[in-house]
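First to last, the protein sequences are chains F and U. Read in order, the letters of the first sequence are residues 42 to 331 in our numbering. Read in order, the letters of the second sequence are residues 5 to 296 in our numbering.
It is possible that some hints are incorrect.
[What the hints assert, rightly or not] Covered stretches of chain U (in silico footprint by chain F; criterion: 3 or more residues with CB under 8 Å from a CB of chain F, positions within the stretch not fixed): (1) 58-68; (2) 146-158.
[Claimed, not checked] Quick list of simulated restraints, FRET-style, between CB atoms: (3) P309/F / A124/U: 27 to 37 Å; (4) L206/F / R127/U: 52 to 62 Å; (5) A210/F / G50/U: 53 to 63 Å.
[Claimed, not checked] If the Cβ cut is set under 10 Å, some of the chain U residues that face chain F in the computed set are: (6) R83; (7) I93; (8) G138; (9) V219.
Calculated from the structure, these hints are not laboratory results. Predicted, not measured: the structure shown is a model, and the values here were computed from it. By construction, the Cβ of each residue, glycine as well, lies at the ideal position given by its N, Cα and C atoms.
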Amino acid sequence: MAERRRRISRDPLGLRRALSDRLLPGLVAAMALLAALALAGAQGADRLADRWQGGAAAAVTVQVPEPGRERMAAALALLRGDRAVASAEAVSAERVAELLRPWLGNAPSLILPGVIELRLRGSAEGLEGLAGRLSAAVPGAELESHGLWVARLAALARSVQGVALAVLALVAGVAMAVVAVATRAGLAARREAIGVLHDLGATDAGIAGRFARRVGMLAGLGALGGAALAVPALAALSGLALPLSGGEETAGGALAGVPWAMLAALPPVAAAIGWGTAQATVRRWLRNMP
Amino acid sequence: MVRFSQVGLRYPDPVRGAAAGERETLRDLSFTLPQGSFTWLTGPSGAGKTSLLRMMQLSLRPTRGEVEVLGMPLSRARRADLPRLRRRIGAVFQEFRLLPYLTAFDNVALPLRLAGRPEAGLRPDVTEMLRWVGLDGREEALPPQLSGGEQQRVAIARAVVTRPSLLLADEPTGNLDAAQARRLMMLLEEMNRLGATVVVATHSRDLIAQHPGHVMALEGGRIVSLDPWPHAAEAGPETAAALLAGEVDDGSALEDGSGDAEEAPGPGDAVEAGRARRGVWPGPRPPEADLG
Numbered sequence: 042m043a044e045r046r047r048r049i050s051r052d053p054l055g056l057r058r059a060l061s062d063r064l065l066p067g068l069v070a071a072m073a074l075l076a077a078l079a080l081a082g083a084q085g086a087d088r089l090a091d092r093w094q095g096g097a098a099a100a101v102t103v104q105v106p107e108p109g110r111e112r113m114a115a116a117l118a119l120l121r122g123d124r125a126v127a128s129a130e131a132v133s134a135e136r137v138a139e140l141l142r143p144w145l146g147n148a149p150s151l152i153l154p155g156v157i158e159l160r161l162r163g164s165a166e167g168l169e170g171l172a173g174r175l176s177a178a179v180p181g182a183e184l185e186s187h188g189l190w191v192a193r194l195a196a197l198a199r200s201v202q203g204v205a206l207a208v209l210a211l212v213a214g215v216a217m218a219v220v221a222v223a224t225r226a227g228l229a230a231r232r233e234a235i236g237v238l239h240d241l242g243a244t245d246a247g248i249a250g251r252f253a254r255r256v257g258m259l260a261g262l263g264a265l266g267g268a269a270l271a272v273p274a275l276a277a278l279s280g281l282a283l284p285l286s287g288g289e290e291t292a293g294g295a296l297a298g299v300p301w302a303m304l305a306a307l308p309p310v311a312a313a314i315g316w317g318t319a320q321a322t323v324r325r326w327l328r329n330m331p
Numbered sequence: 005m006v007r008f009s010q011v012g013l014r015y016p017d018p019v020r021g022a023a024a025g026e027r028e029t030l031r032d033l034s035f036t037l038p039q040g041s042f043t044w045l046t047g048p049s050g051a052g053k054t055s056l057l058r059m060m061q062l063s064l065r066p067t068r069g070e071v072e073v074l075g076m077p078l079s080r081a082r083r084a085d086l087p088r089l090r091r092r093i094g095a096v097f098q099e100f101r102l103l104p105y106l107t108a109f110d111n112v113a114l115p116l117r118l119a120g121r122p123e124a125g126l127r128p129d130v131t132e133m134l135r136w137v138g139l140d141g142r143e144e145a146l147p148p149q150l151s152g153g154e155q156q157r158v159a160i161a162r163a164v165v166t167r168p169s170l171l172l173a174d175e176p177t178g179n180l181d182a183a184q185a186r187r188l189m190m191l192l193e194e195m196n197r198l199g200a201t202v203v204v205a206t207h208s209r210d211l212i213a214q215h216p217g218h219v220m221a222l223e224g225g226r227i228v229s230l231d232p233w234p235h236a237a238e239a240g241p242e243t244a245a246a247l248l249a250g251e252v253d254d255g256s257a258l259e260d261g262s263g264d265a266e267e268a269p270g271p272g273d274a275v276e277a278g279r280a281r282r283g284v285w286p287g288p289r290p291p292e293a294d295l296g
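Use the sequences and the hints to build the structure in full.
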């Protein structure tokens, strides 16, 4: 009986029945699942773009035709003296031949260019100047940066990230609309009770707070369910994306790739959205009362 | 104290809006009900009695004019001030307005809970109030399980459980038998003796004849008379004229002359001794906290 009294004193508007604990959490769970996928997509695209940009920017190849000792030494000296270059190493003729064997077969008489692998300190910007100096010092030498196509891939990844964030904003907006509609349904269902409480001296903040607590709790529970549903989906996607990100199988398996912190943040964020939206909706509605 | 000055009320047209409403429901009402007074409100159906009570309860705003309730002019009141004022007003209307999913106990306890009364402290007051209106043993009944008269008594108990400074009742004896009606009138008179301003709307001339008070007659939204009863002859026409003109100051004629309704003593010590002598239910303690 004491527990029942406490429950009633907390819920004199009968919001347990007016605001269903099925429909709103179900809708918010779907929103949370979409939000989790969008966030994971944005995060994954960001990581891929960074990795591709970093890796491609760092890997530059120099070809030196007629790779005599002097020409190779001159090229190496020039490259190693440049501030942007972290390291410059000549690839041995044997390794070059080995790399080309699948296409050229054994052709010892074929004259192959000398190849130098560069690692850059930072981004690939300013490589055009280096290429010009190199061709001036060693005529015919060419510098090939992989940055162009990787930059395009990275731009694509950034676009995917932008779309994912736009989807996330859309999901948040739809969630607010869903909460507002559910709250208005609750207001309509408890119009008479609100009038009674209002006339008995309940404050706008008190009435809005009762709605906001109930809606915030339902939204939080819904988001918890949505986040739980997102775990297997994200684990599967993480497993699929492992080769793209160049990662190796870890001890935790696919679950190690699940963004747990982000998932943990979903229920409180959804509860906060529900709470705030319900507060605004109820207070706006109450302004029509004397 | 309740003071109306040139008050008009027009219900908004639900289709065409406020400006295109019908004729005024209440027109040019000017009167003053001193703190601690007992006023009968009478008149034919549609005269505007319920609308007038609802304006006193602050659940309707006047379309024009100034309404002052318990010392607060509504035109100058901030919205945040009104809930505290409403907690000092008890009201019983014909439709009872009980919450159907709350028991009789919880319906009566509602004003105390809204005022922040601790759960442990409200049980004796609510139980005693229900006993007073003859509903002991029915605490756990839901309103749909109660008869019309029982529901009305729950509504009455809810209205007086906080010992309000202003008590409004619209046909409060409509669903009660003669014994219960007498008991209710005793309760209203006791609340009045404890300092509450009481306004009761009724069609019953018999009821008015049994209990002294001012009688305000409404017709077509206007006050046609406001007379003291049964002392009209003694009070003379000047008192009625003063009430209608809003010139009665602040209840000094009925109270101790302290004047300000905000500081009105309400249930005072003097009457506490009196109620013990009369064996009348004293009413619960006023809310100690104000938590919204």
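Can you name, in rising order, the numbers of the hints this structure does not satisfy?
2, 8, 9
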